[in-house]
Amino acid sequence: MKTMLNVALPKGRLGEKVYAMFEKAGFECPSIKENNRKLIFENEEVGVRYFWVKPSDVAIYVERGAADVGVAGKDILLEYEPDVYEMLDLDIGKCRMAVAAKESFRDDLSRTLRVATKFTNIAKQHYLSKGRDIDIIHLNGSIEIAPILDLSDVIVDIVETGTTLKENNLQVVETIVPISARFIANKASYKFKSEQIDKIVREIAAEQRG
Amino acid sequence: MNISDMSLSFNERVIFSLRSLYSKYGYTQYKMSKFEEYDLYARNKEFLISDSVITFTDTNGKLMALKPDVTLSIIKNTKDTQQGVQKVYYNENVYRASKATESFKEIMQVGVECFGKIDSYCICEIVNLAAESLRKISPDCLLDISDISIISEVVKDFSIPESCRKDILRCISQKNTHELAKICGENGVSQERTDILCSLASINGRPDGALEKARELLEKIGMTESLKALESIVAAFADSNIKDMLRIDFSVVDDINYYNGIVFKGFVNGVPGVVLSGGQYDNLMKKMHRKSGAVGFAVYLDMLERMGESNDEYDVDVVIVYDDRSELSGLNKCVKSFTDSGKSVSVQKEAPLNIKYKQLVKYSEGEVVILENNA
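One line per chain: the protein sequences are C and U, in this order. Counting along the first sequence from 1, when you hit position 189 you're at 215 in my numbering, and nothing is skipped either side. Counting along the second sequence from 1, when you hit position 371 you're at 863 in my numbering, and nothing is skipped either side.
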């Protein structure tokens with residue numbers, strides 16, 4: 027029997043794009059396209075098992091070995107710093123991690139900067155590298171509202187098109203890092219399934235080069 | 493005393509077999525106190541896997557710590573010798589913050605250290621012991637081996653800030669060649685060196701092919717000399733079955749400030765992380781003002797918790813319930829008859845709710861009646 031390669035895919039549109047890449051690379055699993063509520067799909071012939079998980083959980087599944095490989099946003103990798111191999115930039119799901127504030131914002135260096143964010147680690151690292159004293163306010167959603175209600179001076183969040191910011195009279199003050207989807211692998215799984223994993227990486231990279 | 497293998501957990505069996513393996517090679521057990529002065533860890537924080545340490549004030553006012561690491565204590569407490577080598581093994585609990593639970597955990601660690609005039613034989617012996625240790629855990633195992641000085645040599649001449657150097661090493665350890673190329677490009681590293689670094693970071697394979705590939709790459713920049721130590725260690729295992737479990741992987745770049753020379757990491761199929769880690773750490777010895785060299789490794793037993801066959805289907809073979817009419821000597825005889833036949837027994841006044849048993853029997857007035865059979 028073929029060794030099965032367990033792949034954690036991020037639920038949603040990005041995951042579908044990613045699956046298409048895997049399919050082109052020769053790791054197809056037709057049952058995944060059936061319209062049902064199943065979360066695990068496998069194709070024994072090819073030796074692959076896919077499962078849909080919450081995008082922010084992919085890195086945990088891979089780091090802990092429940093999945094051998096997966097696709098996670100760079101934002102999640104920077105935030106949780108999982109001990110995994112980051113083998114390929116898939117160049118999709120592109121956006122940026124940025125600092126945004128009200129249009130009238132002026133950084134008053136004599137005061138502690140209040141930063142609202144879901145990405146506390148990224149925000150801390152960013153301001154630590156600048157030696158700026160900050161007060162982190164951890165929020166789970168609707169981050170844009172924080173500066174409007176004077177809960178924070180700035181926000182650190184993912185910016186795709188910038189439309190949400192604009193509609194809330196906010197603007198990007200600074201880009202921290204560009205974000206895109208990355209192909210990650212569990213370090214131990216890679217040792218024992220390197221042939222399969224290298225094949226995926228090779229095929230997808232070739233596909234990217236066109 | 494004769495302890496049957498059945499009564500030991502998988503981890504306990506591994507510990508016993510590792511201790512016996514290390515003793516066989518002349519390593520003596522190093523027993524140490526649970527506590528160490530905190531200052532030792534404060535000075536060597538970067539060497540620790542996690543920098544959180546449990547501290548407390550001793551009766552004399554000194555700030556103490558529950559050991560988060562064993563190697564530092566052994567270095568501190570052993571003589572700095574240039575004559576011969578000192579070989580020790582340990583089997584100790586360490587206390588570290590777990591990243592996943594964000595709380596402290598007690599972790600059983602077994603390891604070996606070799607101090608003194610370290611030569612190729614010492615390194616070979618340690619690599620051999622590391623491979624044998626992995627085999628004691630499972631036959632399906634691999635040992636990644638590299639020489640950290642090769643990567644150090646390639647990046648040595650880069651005129652880049654220290655933080656960039658750290659980022660480069662981080663990328664190498666993650667096999668993250670796309671970011672590695674980007675950082676090198678932004679910092680004026682030549683395309684040739686960048687390509688070589690990326691190719692080295694991607695190498696992962698059996699010694700023969702991998703070393704040949706590395707040699708080809710290093711030839712381009714006249715650095716094949718740096719490959720010699722690794723090649724000679726690998727060659728030493730040419731006729732050994734250990735060769736089959738060796739993999740060359742240059743992404744094994746533990747902290748360059750502490751390690752130098754040969755470094756390795758062990759993996760066991762089915763365990764999602766590194767099970768064994770070690771290498772030459774002369775740089776740490778220098779940092780601790782020691783003249784001698786050192787090489788060693790640790791086995792992370794906490795990673796093995798889920799290994800081994802599960803014997804937890806039943807808590808006990810037989811539950812014997814008795815009542816007030818049961819005379820003691822008869823009950824004792826009844827219990828003994830079960831234990832003598834190799835069965836485990838739990839004697840209870842009433843049928844327990846929280847114990848999973850194969851058989852439930854009742855002892856009353858000298859008679860044994862089977863009430864339930866679950867197996």
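No lab work stands behind these hints: they were computed from the structure. Any given hint might turn out to be false.
To be verified - Distance condition first, Cα-Cα at most 27 Å in a straight line; then the derived DSSO-like pairs of lysine-lysine: (1) U:K705 with C:K225; (2) C:K150 with U:K705; (3) U:K591 with C:K144.
Since this is a predicted model, take the numbers as computed values, not measurements.
To see whether the hints hold, each was checked on the structure:
no.: 1; hint: U:K705 with C:K225; in the structure: 19 Å, holds
no.: 2; hint: C:K150 with U:K705; in the structure: 41 Å, violated
no.: 3; hint: U:K591 with C:K144; in the structure: 19 Å, holds
Hint 2 from the list above is the single one not met by this structure.
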